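Convert by adding 33 to the 1-based position in the sequence shown; the result is the number in my numbering.
What the hints contain is simulated information worked out from the structure, not anything from laboratory work.
In this text, all values refer to a predicted model and were calculated from it rather than measured experimentally.
Computed spacing ranges between beta-carbons, pair by pair: (1) Arg291 to His516: 35 to 43 angstroms; (2) Ala123 to Glu217: 45 to 53 angstroms; (3) Pro588 to Gly517: 14 to 22 angstroms; (4) Gln284 to Thr243: 23 to 31 angstroms; (5) Gln551 to Thr579: 38 to 46 angstroms.
Every residue gets a Cβ at the ideal spot worked out from N, C-alpha and C, and that includes glycine.
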Amino acid sequence: MISLSVRTLTRLLGLTALLALAAPLQAADGPGRNAVASAHPVATKAGLQIMADGGNAFDAAVAVAATLAVVEPYSSGIGGGGFFLLRQPANSEQPYRFIDARETAPGRAGRDLYRDASGKVQRDPAINGPLAAGIPGIPAALVHLATHYGRLPLAQSLAPAIDAAENGFTSSEHYRTLVGYRLEAMQRDAETTRLFLRNNQAPEVGTLITQPELAETLRAIASEGRDGFYRGPVAERLLSGVQAAGGVWQQQDLDNYRVIERSPIRFVSGGYQVISAPLPSAGGIALAGILQALPALPASPNRSIAQTHQLVELMRRVYRDRAMLLGDNDFVPVPVAELTSKAYAVAMARDIDPERATRSSELGPLRDFHEGTNTTHFSLIDADGNAVAATLSINLPFGAAFTPPGTGVLLNNEMDDFAADPSGSNAYGLAGSEANAIAPGKRPLSSMTPTMLENDRQLALLGTPGGSRIITMVLLGALEAMHGEPVERWVSRPRFHHQYLPDYIQVEDAAFTEQQRQALEAMGHRIEPVGRDYGNMHAVSWDKATNRVSAASDPRGIGAASVQAQAAPVPSE
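From just these sequences and the hints, can you work out the full model?
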């Protein structure tokens, strides 16, 4: 464990980096274009339409997030949570803001929530059914964005989502695949079965999926704002459904839920300001460690064996820190300033052997923890340069596979992102600790990492779903951006990942050639193919020099990216 005093850190941090971070963003003309990249064409269309109708990027974010909640029930929803990273170029004092809409643990939840009479943690109630669900944050976030940042009435921004819920969307092969992962759990709940299955099985491709109850819930939010979800008839139906099925939600949990505006993680790397997610996301801290450590290692070309080795060794170390130190810092002390400092990163780099892989067991005690892969991300920018990078989740595919009757709200299973057993592991094999133990009102640690890179030449927005692999996917995409690659390369780059435990490199089939694999194995790395593509990145780039906006959606998914040719006029008051 590296331990440095604040005084020592201050001396070691470069003056240039300090000045760059302290300097306010210079207000600049916007790109004169609107662009959206999201995981579903219907959601991308909704965001562009809202901006064409006079809304700004934040109105569009409401529309995209709400529409994704309808058409991607396997990845996100108003029964889940997420993070929104905002850019406001007109606000030179505070141009970047971070909206934390992560779920919270119910008041009756505690560290022994999933232990049986013998003291053993039971996995099933942590991932299936209402006991797995944290208090949702997305409804509050939509209201917050519209109220504090948007131009349009909430009802107008929610209209595309309401239309999609009422009139339906068609199921895809991707939908069928994800149902396959969660079919048995979905079959346990009559309401989830009715809404998302057909004849108790995955629906055929092209099946129309309508959600009239969800449309009514969205209408309640549109007309009543926060009270449309957290109080009144919708809240009553949520609570009665959860409690009847063995959950522990109370009205006080809904009343107490608040989104939190936090300061994003900011640091300098590769000539860019990097703006990323703070706790309860581990993403920004991990990126700060890796990207600030790389310059302290021998220079190596992008995508080279030497660089891959360096990245894997840094991934190993930041994921160990994640396992041992990180949690909701509203509840537990976390040395964020130390972990994000250049001094800490440089010290970490000095610990790396340029010729040999470190065994994770050599770094300290082994502990292991889970995190869901079925998440979604979108990136968008408006003509004025306002921008949003948002990552949203319900955790595993179709969340907890539980829908309180009469609401249409498919609940998350984000409680599994806590370390239910601090000496054990979660559904994604991630290591955990006491810092991420369950406590009432606490937010589980996350890997969701919406990120922006900015300098006087470019603004880059990116993020992805992918559970524990999110951080490393964002890292690889960010490196492509820093090396001047087009946005299509950011989202399509072959991926590899190391998370401290299990102690091997996880790779897509196309990530390494046989020669590269042999070279890495000769250094002591273990390599395990994941057998298929992973991730679903969506990114936007604004080249300020040419005023060109480009957007791309991951070819691994079914998303869509589009740029509007002209800025839309703002309607008069």
